[in-house]
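2 protein chains.
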Amino acid sequence: MRYSHQRELILDAVKGVKTHPTADMVYDSLHAENPHLSLGTVYRNLALLAMSGEITPIYTGDNKVHYDGDTDPHCHFVCKGCSKIIDIFITPKIPDEVLHKEEFKVEEEKTIFYGRCRDCAV
Amino acid sequence: MRYSHQRELILDAVKGVKTHPTADMVYDSLHAENPHLSLGTVYRNLALLAMSGEITPIYTGDNKVHYDGDTDPHCHFVCKGCSKIIDIFITPKIPDEVLHKEEFKVEEEKTIFYGRCRDCAV
DNA sequence: AACAGTAATAGTAATCATTACTATTTAGCG
DNA sequence: CGCTAAATAGTAATGATTACTATTACTGTT
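So the protein sequences, as listed, match chains A and B.
Take the first sequence: its letters are residues 1 to 122, numbered as in the numbering used here.
Take the second sequence: its letters are residues 1 to 122, numbered as in the numbering used here.
I should point out that these hints are in silico values taken from the structure, not numbers from a laboratory.
Any given hint could turn out to be false.
[Unchecked claim] When the alpha-carbon atoms are kept at most 20 Å apart in a straight line, the in silico DMTMM-like pairs for lysine to aspartate or glutamate are as follows:
{"no.": "1", "chain 1": "B", "residue 1": "Lys84", "chain 2": "A", "residue 2": "Glu103"}
{"no.": "2", "chain 1": "B", "residue 1": "Lys80", "chain 2": "B", "residue 2": "Asp62"}
{"no.": "3", "chain 1": "A", "residue 1": "Lys105", "chain 2": "B", "residue 2": "Asp87"}
All chains, full assembly: derive it from the sequences and hints.
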């Protein structure tokens, strides 16, 4: 993987923010300062950065991939009202019984809690 | 919610299977016997059934919503090689520290383990 | 510093899952 | 049976993501 200015921009955009932006949001945040940046480039580099472990994809069910610049293992909360994603800094522990299955080998765990945030309480 | 024959078909198709089918897969499995069933009807009813808690959506990151006919709380394993989904029958426990946050109220938890199945081992 | 080779980009078109729309059908109640 | 609203079929539209291609720009070599 060869250096590219755009990839650095994109990585910084995700790392520099505590929200969990989608490709579209990253593109919007960079486009004003970099009018020639292409949305396809954002998509491709987010995928590359996720593959190389520099950012983490989050699949919340809103039909868009979000990315987290904090790769330290932790969980997320997703509000069913406003779709906001909140970091929960507890380290999920993969149970031994799951690690020792014959059927498959677990490499990572993703845990999402769903509910309602204070603003969206029913 | 009024009874419909189509909804019953769709519910049975998801409940009657241990795979975790997408709307498309449900449609395919029913279309031969029910040539007038519409894909839109499948999508709408899967969403309705999920909302009423009769089936559970799973977001694995493959950009398609899968559904699980088993609503008993449990986890899933997703193979990074073949994308197969395997049930893991351990009941995830929502940690007290998460249940007692002021910021939000957790209603459910979804945990997915990622790795490689035996067939896709590297 | 020019050169070559090849990965990366920009810009646009295409794809794929899902949702929206509308005329028609049907559940279910009086 | 007949009414009314909910549900469906079939098709069109949307929205996120990927594919494609000509051009640009890293990086190792002379």
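Each hint, compared with the structure:
no., hint, result
1, B/Lys84 - A/Glu103, "12 Å, holds"
2, B/Lys80 - B/Asp62, "10 Å, holds"
3, A/Lys105 - B/Asp87, "14 Å, holds"
The structure fails none of the hints (numbered hints given earlier).
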